Each structure stands twice: as structure tokens, then as C-alpha cells.
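Enquirer: Could you slot chain B onto chain A? The hints should help.
Chains as they are written, first to last, in my numbering: chain A, 66 to 461; chain B, 66 to 461.
Watch out, some of these pointers could steer you wrong.
If several chains are the same, the list does not tell them apart, and a pair holds so long as it fits within one copy or across any two.
[What the hints assert, rightly or not] Derived DMTMM-like pairs (lysine to aspartate or glutamate); straight-line CA-CA distance at most 20 Å:
1. K123 - E163
2. K306 - E143
3. K158 - D415
4. K119 - E270
5. K183 - E390
6. K312 - E393
7. K215 - E393
8. K71 - E393
9. K151 - E177
10. K83 - E390
11. K126 - E163
12. K151 - E451
13. K215 - E427
14. K395 - D458
15. K420 - D458
16. K350 - E270
17. K158 - D458
18. K420 - D324
Source of the hints: derived by calculation from the structure; they are not laboratory data. On a predicted model such as this, the values are computed, not experimentally measured, just so you know.
There are 2 protein chains.
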Amino acid sequence: MITSAKGFLAAGVSCGLKKSGRLDLALLVCPSGANAAAMFTTNKIISAAVQVSKNHIKSKKIFAVVANSGGANACTGEQGLQNAIKMCRQTAKLLKAEPNEVLVASTGIIGEQLPMKKVTAGISKAAEGLSASASAGLDFAKAIMTTDTKVKKAVRRFRISGKNVTIAGTAKGAGMIGPDMATTLCFITTDAAISKAMLVRSLKEAIGNSLNRLTVDGWQSTNDTVIILASGAAGNRPIVKQGPAYKKFSRELMLLCQDLARQMALDAEGATKSFKVVVKSAASKADAARAAKAVADYNLVKCAVHGSDANWGRIICAVGSCGVELNERKLTCKIGNVTVFKNGRPSKFDHKKVKKIILQKEHTITIELGAGKASDFYYGCDLSKEYVTINADYHT
Amino acid sequence: MITSAKGFLAAGVSCGLKKSGRLDLALLVCPSGANAAAMFTTNKIISAAVQVSKNHIKSKKIFAVVANSGGANACTGEQGLQNAIKMCRQTAKLLKAEPNEVLVASTGIIGEQLPMKKVTAGISKAAEGLSASASAGLDFAKAIMTTDTKVKKAVRRFRISGKNVTIAGTAKGAGMIGPDMATTLCFITTDAAISKAMLVRSLKEAIGNSLNRLTVDGWQSTNDTVIILASGAAGNRPIVKQGPAYKKFSRELMLLCQDLARQMALDAEGATKSFKVVVKSAASKADAARAAKAVADYNLVKCAVHGSDANWGRIICAVGSCGVELNERKLTCKIGNVTVFKNGRPSKFDHKKVKKIILQKEHTITIELGAGKASDFYYGCDLSKEYVTINADYHT
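So here's chain A without its partners, still in its complex pose (with noise of 0.2 Å):
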């Protein structure tokens, strides 16, 4: 729970922006004062959250993140744009810092401006329910979810120079999900002492094997945010530069990344399973990528990971196509540890076998390029009919 990591205080509440009544404002404050990172949607039309925020995260401390579920505010216009600032005004102003302290970020529908009475009001009741236990950990992960299924949260646990150090994350995903920042929405604490520009290095490393490398459609959202903020309440020896430590903290918080890109590939719109697929021997690592995500990302295999088919025509068909350099006669490809096609051929292998492979939650994909040495990979999810149920039936 994002409520782990020592030195954060978090509340989420309803206040009326979900129809369903569900939670839908939350709050996560650092009191003492955090060094952030984040990350945001490369999106060229931004949300009015992601505007104030990318501005905000300037300052020298944050301490505080507003988030609402049941409304992006992008395409708002000005108007937009003042209510997200009030948002942090408010917010700042309850917790005596100053709004450029305040992170916002926002996630919904596109085009509809906040109802900011309802807005606000949510803001002053989650300000007063603020706690530091887990059940406000998990409200405050509850109050970002749109279509989501499942709470997406993780912990990781370990030790810098002596001193237990805590990383939590929690995210919302979904749909209109692709890289980069294949997120919408996530929220990281730690209790480690790190200072911002560690911070900054670390994340954006994180984040670059973890929800960039994360696809459900394709596209990202307008409104995607990763922030991460560093209460230092760990105690430990602050990591300024590069060294075991920042290595030991990077490796934890990519791990975690990986982990909440995993929680969300498998709760996307409409998903029963998710599969990696990892790209080898390729020429260069953006043409590793590139083939990672065709596959992910074509519908073709997505259904045929649905039907727990081992189509690997589709496979090639999509790494054939997608541009990459590709040497025919080493092109190969593995479904979990069955090798399906070998040095540009059909391979014969125990269908049996790798229909229990796909059938499970998660599975691995393993193609060999045979054009060099770089390597990448892509999660990405099945295609179901629910995703076209949600999707068609969700009106605007």
C-alpha cells in the first residue's frame, strides 16, 4: 500500500464525480516535504493536470499529490487550466504549503470540466481523513481506478546502508494504454533518503523498463502521470550519486514498476491474460521495441493468445511487417520454452504443450531476429470480447 513507505499520509473519499458513487478524490501528503520525480504523458495534447503538474514538480519539495478519478479535465481549455490550479490552491492551503507544492493529475472522461463545488468539497473531506494506515492506502488506490477491476499496488522491502527502506507503488490502468508512459495514472512513495536528481535518474530508468514497455491499445491517454515521492524518513544515508546504493534503490523501484506493469496488463479492458513478449538479436534496441510492440500490440495475436492458439504465422506476419531489420533464415521464434519456428521455418512441436503455456495468466513470447545483439521487450494483453463490450458500450 502506498501507505508502506514511512512519512506519507493518504485518504481517497467520494465526492460525487463517479455516478456510481464509488471513491473518487484522493490525497497523499508527504508532511515533512518530499523530493519528486515524475513522468508524464509525451502526448502533444496534455491534460490541464499534467500542465500544472509538469510545472509544479519544478519545486524544490512536494507535499502533496491531489488526484480525481471521474473526470480528465483535458480539452478544457482555460477554464480547465484554472481548476486544476485551484485544486492545488486548495490543497495547499489546508496543508499550509504552497500550490506549487501540490501535484494534481486527474483521470476520466475527456472534455467535461470538473464540477469544482464537488471537487472541493471532496478535497476538504479527504484533507480531514487523511492516516498513515493501510486501509487509507488502499482507498486513496481505490479513488484513482476508472474501469479497473482490481486495486493495483505493490511493496518492496530492503536495506541501504543499514536501514530498512520501503518502495510503494499503486497505479491505474485500463484502456487507451500505450507507450510511452503506458500508465494513466501512478503513485509512488519511499521512505528513502534520495535526493531529487537521483530521483529523477532512477524513475526515469524504472519507468523505462516497466510501464513504457506496457501496451493495451496502443495509444496513450492524455492525462498520464508517474510520480514518485521520497519522504526520507528511512533514516538511511542519503543517495546523492551513483553507486550500490542508488543501484540497490533502482533495481527495487524498477521492479516494483514492472510489477504494477504487470497488475495492469492483466486487468486491462476486458483482459483474461497477459504475455511479454521479448524481442533478441536485434540490430539495434528501438528496432527490439519496435517488434516487441508489433506483436503486442496486434490484434491478430492478441485474439489468438485469447484462444490459447499457438499462431505464430501471426507472430512473424506482424515482425515481417513492422519495418525492423530481420535476417529470414535465423528468424526465430519460441512460445514459453517450445520453440514453434526455427531459422525462418515451421518448427514441429506439441500443440498440447503450448496451449497450456498460453493458457496460463502469463507467458512469454521469444523471438530471435538474427540481425545483431540488441534486445528489448513489451507486456501487452489479450483481446477479448468484454474489451469490445466496455469500449463499445462505454458513451460519451
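Expert: Here is chain B on its own, set in the frame of chain A:
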């Protein structure tokens, strides 16, 4: 029908490649020898048939095209190549032509060798049944179908230098359709007298504005082939250079190909309707095409079209995400003739009216990027539960 142009014979027979017993071997013959042009998949993994036809298309005259469904003859190595050559050789022998004067095309499952006994018997049977009748043309069209539910055919009749000229075409579509070469298989006949050089040029232009602007699931297959044969039987003054006759011919060919592309979109796997995405005021033609494809390929847009929902947020999301230059303050989107988003802000519009537009079999989404003067378009189709059913239950 493909036999509508003078100077062609066709046949379609069943030789047991399809388990269903449906027609699966098609033969098209131009007894006088035709000037020919062809375009093939740019997938790096190409079928044996494509390899052979790429070579044979260099011949001065083409006398026949032999095509089969029920087997792609792709990823089949040296034996597959020999089988494709064998198909040409047998066809040539029956017609007293040279093997390199015969083109070959295959479609179906990737990775299996063709059962050549059946294919050989099928070619003999087809050669015996050759006819210029409409029903022979229909049999040809049926014999190239895979998961298509409808025969795709188009005919254009016009006059050149005082003579009646016909262009006729048939195609198979369904799935694994993505540019460039969004077809799988497409065969066109014309009785126009036109030089090979002019035919090549005209086909390239026509496909660039039709089949190469169609996307069902983003990636092209290993087998995509479009072939045009010109018998010269119309007796018009031969078209040997660019000029009014060439222009007229090319325009008609493009209209025919666009007609076939729309038929393919409408009969794509599980599709219930198609839509055209037009992108205007782009910084470059490449940007316009990229944005149009991003929208046409985006599962969330395809689902919104399926549900007849005016979900412009998803359109904007894809446009903003796909990396093209845009001016947010000028970004505008129309569904049919209704503006739903103008100068970067949502417009008030009549949702019922837009729903009616999207409920049609075909509609147009128009996007203005406000970044330049270029424009381009793509055809797409909706995403239905049936697409998932077809592709999750279709087992290798």
C-alpha cells in the same frame, strides 16, 4: 466480374484445399497474352508465390494467373518455392505458354506445404472449365475467398479513343490487412490497350489511393498481391504515354480499386461497418497518412464506431499520440458533417444526429491538424465481438 473485360477466361474449382469443400483454386487466362503489372506485400517475410510472381512479372507478356486459397505457401522454404514454380509450370503447359509467363498467388494458413496432388488436379480441372461467362468470373472470385463472407467485385466501363473499355476487378480481404498493400489478393482485368510501363504507373497510383489506404488490423500479410492484366481487346489506340487517355484510364482504375477497398473494409472479419478518416492541414502528406492510420487502427475508435458513439476524445487521443505535428489551437474534428471538436475545444453538438451518422454503413471522420496544407486518408472498419470470435477460435 473479372470476365467482364474482353479477352479473358476464368475458372474456379474445388480441389480439396479447403476442408469445407468450397472453391479453392482459381485460374485467370488471357489467351492473347496480356501486358501486366503487379504490386506485392512489403512484409519482409514473403510467401513462395510472391517470390515467384515477383520474378515472373518481368516477362513481356503474361498469359495466366493461378491462385489458391486454403494455404498461404508462406514460411515453407525451398519446397514451398518449388511448389509455386510447379503451379506455374503446369498452368503454362496446359496453355502452351512459358512458366515465367504465369503468375501465382496463394492465401490461407501460413507454414504448411500445399498438398500438390490436389493442387495439380485442381489446375487441370480449372483449365478444362475455363470460360468467359459471368459465372466463371464469379467462381474465380469465390475460389480466392478465405474468411470473406461476400464476393468482392467491381466493374468500370468508359470510352477511350471512341472504343468501349472495361476494367474489372475482384479481391479477397477479411483479416491481416494493413498497408502498404492492404489486400491479400486482388486481380484486375482490362481490355484496354495500354503499354506495360503505363500499366505499372497507373496501378501504383491507384493502389496508393485505395488498397494502400485500408487498414483492418495494421499489418500486412506475407502474401499480399495485386495483379492487373491488360488484354488490349478493346481496340483503343494504345496508351503508351501520359495524356488524357492515360488520365482517364488511371482515374477509372483508382475508382475501381477504391470500390474494392471499401468492400473489403465492410467485409473485414467481424466488421459491421466501415469508416473513412480524412486528415487535412497536415505539415506533410506522411503526417496526414500517419494520423489517419492512427485513428483508423485505434481499437478504442473502432469500438466507438461499433457502438455508434461520438467519442471524439479517442480520436484526439490517437492524433495527439501518433507523433505528427499539430497546432492544438486549430485542431478540429468532424464526424460526417458535424463539428464535434473545434480549435482545440469540444463543440456542442446534437449527439442523436451524430449517432445516426455513425449508424450508417459508412461514414467519414475529418480531422484538421492546423499544421500545414497536406492531406491524406485511410479506410477502416469497426471492431466487433465477432472479430474476436473469428480470430480467437480460428485454430492453427
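Enquirer: Determine for every hint whether it applies to the structure shown.
Expert: Here's how the hints hold up against the structure:
1. In this assembly of identical chains, the alpha carbons of K123 and E163 lie at most 20 Å apart only when taken from the same copy (13 Å versus 74 Å across copies).
2. Proximity of K306 and E143 under a CA criterion of 20 Å is satisfied in neither setting, with 40 Å inside one chain copy and 57 Å between copies.
3. For the identical chains of this complex, K158 and D415 are neighbours neither inside a copy (65 Å) nor across copies (41 Å), given an alpha-carbon limit of 20 Å.
4. In this assembly of identical chains, K119 and E270 lie within 20 Å of each other by CA distance solely inside one copy; the values are 19 Å within and 46 Å between copies.
5. For the homomeric pair K183 and E390, neither the shortest alpha-carbon distance inside one copy (54 Å) nor that between copies (37 Å) is at most 20 Å.
6. Taking the closest pair of Cα atoms, K312 and E393 never come within 20 Å of each other, the shortest separation being 38 Å inside a single copy and 40 Å across copies.
7. Taking identical chains as interchangeable, the C-alpha atoms of K215 and E393 are never at most 20 Å apart, the minima being 42 Å within one chain and 35 Å between chains.
8. Proximity of K71 to E393 under the C-alpha cut-off of 20 Å is found in neither arrangement, the shortest distances being 53 Å within a copy and 42 Å between copies.
9. Taking CA atoms no more than 20 Å apart as the test, K151 paired with E177 passes inside one copy only; the shortest distance there is 16 Å, against 64 Å between copies.
10. When the C-alpha separation of K83 and E390 is checked against a cutoff of 20 Å, the pair qualifies neither within a copy, at 48 Å, nor between copies, at 35 Å.
11. Proximity of K126 and E163 under a CA criterion of 20 Å is satisfied intra-copy only: 10 Å inside one chain copy versus 80 Å between copies.
12. For the identical chains of this complex, K151 and E451 are neighbours neither inside a copy (38 Å) nor across copies (46 Å), given an alpha-carbon limit of 20 Å.
13. Only within a single protomer do K215 and E427 lie at most 20 Å apart by alpha-carbon distance; the minimum there is 17 Å, versus 37 Å between protomers.
14. For the homomeric pair K395 and D458, neither the shortest alpha-carbon distance inside one copy (45 Å) nor that between copies (30 Å) is at most 20 Å.
15. Taking CA atoms no more than 20 Å apart as the test, K420 paired with D458 passes between copies only; the shortest distance there is 13 Å, against 32 Å inside one copy.
16. With identical chains, the CA atoms of K350 and E270 are at most 20 Å apart within one copy only, with a shortest distance of 15 Å there and 35 Å across copies.
17. Proximity of K158 to D458 under the C-alpha cut-off of 20 Å is found in neither arrangement, the shortest distances being 41 Å within a copy and 57 Å between copies.
18. Taking identical chains as interchangeable, the C-alpha atoms of K420 and D324 are never at most 20 Å apart, the minima being 25 Å within one chain and 40 Å between chains.
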